[in-house]
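Take the given structure of chain S and dock chain G to it, following the hints.
So the sequence lines, in the order shown, correspond to chains S and G. Position one of the first sequence corresponds to residue 51 (the working numbering), numbered consecutively onward. Position one of the second sequence corresponds to residue 3 (the working numbering), numbered consecutively onward.
Keep in mind that a hint or two might mislead.
[Claimed, not checked] Derived pair list, reagent style DSSO-like, types lysine-lysine, alpha-carbon separation capped at 27 Å:
#1 G:K20 to G:K57
#2 S:K143 to G:K15
#3 S:K160 to S:K148
#4 G:K55 to G:K20
#5 S:K148 to S:K86
#6 G:K59 to G:K20
#7 S:K120 to S:K106
#8 G:K57 to G:K5
#9 G:K72 to S:K148
#10 S:K148 to G:K55
#11 S:K143 to G:K57
#12 G:K57 to G:K15
#13 S:K106 to G:K5
#14 S:K106 to S:K86
#15 S:K143 to G:K20
#16 S:K148 to S:K118
#17 S:K120 to S:K143
#18 S:K86 to S:K143
#19 G:K20 to S:K86
#20 S:K86 to S:K160
#21 G:K73 to G:K55
#22 G:K73 to G:K5
#23 G:K72 to G:K59
#24 G:K59 to S:K148
#25 G:K5 to G:K55
#26 S:K120 to S:K86
#27 S:K117 to G:K5
#28 G:K5 to S:K143
#29 G:K57 to S:K148
#30 G:K20 to G:K73
#31 G:K57 to G:K73
#32 G:K15 to S:K148
#33 G:K59 to S:K143
#34 S:K120 to S:K160
Read the hints as simulated data drawn from the structure, not as lab findings.
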Amino acid sequence: GEDVEQSLFLSVREGDSSVINCTYTDSSSTYLYWYKQEPGAGLQLLTYIFSNMDMKQDQRLTVLLNKKDKHLSLRIADTQTGDSAIYFCAEKKNGGFKTIFGAGTRLFVKA
Amino acid sequence: DVKVTQSSRYLVKRTGEKVFLECVQDMDHENMFWYRQDPGLGLRLIYFSYDVKMKEKGDIPEGYSVSREKKERFSLILESASTNQTSMYLCASSFGQLYSNQPQHFGDGTRLSIL
Numbered sequence: 051g052e053d054v055e056q057s058l059f060l061s062v063r064e065g066d067s068s069v070i071n072c073t074y075t076d077s078s079s080t081y082l083y084w085y086k087q088e089p090g091a092g093l094q095l096l097t098y099i100f101s102n103m104d105m106k107q108d109q110r111l112t113v114l115l116n117k118k119d120k121h122l123s124l125r126i127a128d129t130q131t132g133d134s135a136i137y138f139c140a141e142k143k144n145g146g147f148k149t150i151f152g153a154g155t156r157l158f159v160k161a
Numbered sequence: 003d004v005k006v007t008q009s010s011r012y013l014v015k016r017t018g019e020k021v022f023l024e025c026v027q028d029m030d031h032e033n034m035f036w037y038r039q040d041p042g043l044g045l046r047l048i049y050f051s052y053d054v055k056m057k058e059k060g061d062i063p064e065g066y067s068v069s070r071e072k073k074e075r076f077s078l079i080l081e082s083a084s085t086n087q088t089s090m091y092l093c094a095s096s097f098g099q100l101y102s103n104q105p106q107h108f109g110d111g112t113r114l115s116i117l
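Excised from the complex, chain S in its bound form (with noise of 0.2 Å):
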């Protein structure tokens, strides 16, 4: 199938670091992005990473990847009341045209 999956909520303190899932469908070659969505706006690009990496890491983020059981981890450090918001896992397939997004994992960080 199609499904990108991920879970629907994480509450996590401020201050402590969040972690969010997702699993895709296709390990052998895609391509695979995190984006972030503020209340009424649009989708911000955070991060990207091809299947060939184990990791990836931009300031507070790092993405992991374990090709084996096709999961998709993004982990935000020191989280802050900011980083609230809806986070979209996204999935292309090498050669494919169309890009398959989760229904976003919506992160509640408390004070």
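Quick look at chain G alone, frame taken from chain S:
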């Protein structure tokens, strides 16, 4: 930075009206996309375009059409608006070949209400 601009953040129209949603990108991107976003349904692709005057149907094209007369502008048209087209509409663009790994960049969205 890539800038994708949607002409309206909020729009209210009446059933049966012809509605135009406009999207402009300033980075000379080849590909442009229209999605709608509904609670519990995520993003669904309506139409996309990979070149001027070229358009392809996405997953839910019924009730919509598109126009791409210039590279930077992609318009979504609701020929006769209906209440089930009340939604958040998102425009996106991407660089290069449609099959490349280049990510899509999104506008801020238009929240359309059909009364």
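Item to complete: List in ascending order the numbers of the hints, as given earlier, that are violated by the structure.
Response: 2, 3, 15, 19, 27, 32, 34
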